[in-house]
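Participant: Here is how the chains run, residue by residue.
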Amino acid sequence: RKEVEQDPGPFNVPEGATVAFNCTYSNSASQSFFWYRQDCRKEPKLLMSVYSSGNEDGRFTAQLNRASQYISLLIRDSKLSDSATYLCVVTEYSSASKIIFGSGTRLSIRP
Amino acid sequence: NAGVTQTPKFQVLKTGQSMTLQCAQDMNHNSMYWYRQDPGMGLRLIYYSASEGTTDKGEVPNGYNVSRLNKREFSLRLESAAPSQTSVYFCASTDRSYTEAFFGQGTRLTVV
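In order, the protein sequences belong to chains A and B.
Numbering of the first sequence is given in our numbering, commencing with residue 1 and proceeding in unit increments.
Numbering of the second sequence is given in our numbering, commencing with residue 1 and proceeding in unit increments.
Chain A on its own, in the form it takes in the complex (with noise of 0.2 Å):
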């Protein structure tokens, strides 16, 4: 099983449509969790961290669920800017931390 798994998509939805993505992980151990965005040919960057409160940064929303080892992340309002690929993040601590990715989901947006 992989640590951290996604629903690889593609989700192909119209501009304005809210949609969300699913991620779970199998370390229990793992103590932080991010959502980065991949545009086609370039690097990951951190989209917003993930806390058990639920966190809000405009049109996004994310939350964690510790008990289940699920993640999400909502995108309301969506824009063609939107289109990227999304990956859920896990960070592991213990002597040397890793940083695990699971394998994204691909997002496009149509006008």
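Quick caveat, the hints were computed from the structure, so don't treat them as lab data.
Some hints here could point you the wrong way.
[Stated by the list, open to error] FRET-style restraints, in silico, Cβ to Cβ:
{"no.": "1", "chain 1": "A", "residue 1": "14", "chain 2": "B", "residue 2": "20", "range": "45 to 55 Å"}
{"no.": "2", "chain 1": "B", "residue 1": "20", "chain 2": "A", "residue 2": "39", "range": "21 to 31 Å"}
{"no.": "3", "chain 1": "B", "residue 1": "69", "chain 2": "A", "residue 2": "41", "range": "26 to 36 Å"}
{"no.": "4", "chain 1": "A", "residue 1": "77", "chain 2": "B", "residue 2": "19", "range": "21 to 31 Å"}
{"no.": "5", "chain 1": "B", "residue 1": "71", "chain 2": "A", "residue 2": "46", "range": "37 to 47 Å"}
{"no.": "6", "chain 1": "A", "residue 1": "79", "chain 2": "B", "residue 2": "56", "range": "31 to 41 Å"}
Beta carbons are placed, not taken as given, at the ideal position from N, Cα and C, and that holds for glycine.
With the hints as your guide, set chain B onto chain A.
Facilitator: Here is chain B on its own, set in the frame of chain A:
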């Protein structure tokens, strides 16, 4: 504002050749990482280093070696390149709080 710098950006190797991918960060970060990304897939961790002088294997370390030369630099070496190592390689670094990983622009490697 260099951040994380990777060299080279592109490389074509013949099977069996060796090469070293260079990575340097100027943010005084402790942890550094090497990932590979194959078409349509996420990033898979090859090796990581929590501090100068320490390295650990990730998910896909076979066929690679790394060296954490100092706090700034973390290199990845392919001793005998194989076509299966054709990929995009990303280097990343984080500080102790692990609030954000910063990436280099990637090295696009083709092994023929």
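Participant: All hints, please: hold or fail.
Facilitator: Outcome of the hint check:
1. A:14 / B:20: 45 to 55 Å: holds, 47 Å
2. B:20 / A:39: 21 to 31 Å: 28 Å Cβ-Cβ, so the 21 to 31 Å window holds.
3. B:69 / A:41: 26 to 36 Å: holds, 28 Å
4. A:77 / B:19: 21 to 31 Å: Given about 46 Å between the Cβ atoms, the range is violated.
5. B:71 / A:46: 37 to 47 Å: violated, 22 Å
6. A:79 / B:56: 31 to 41 Å: 40 Å Cβ-Cβ, so the 31 to 41 Å window holds.
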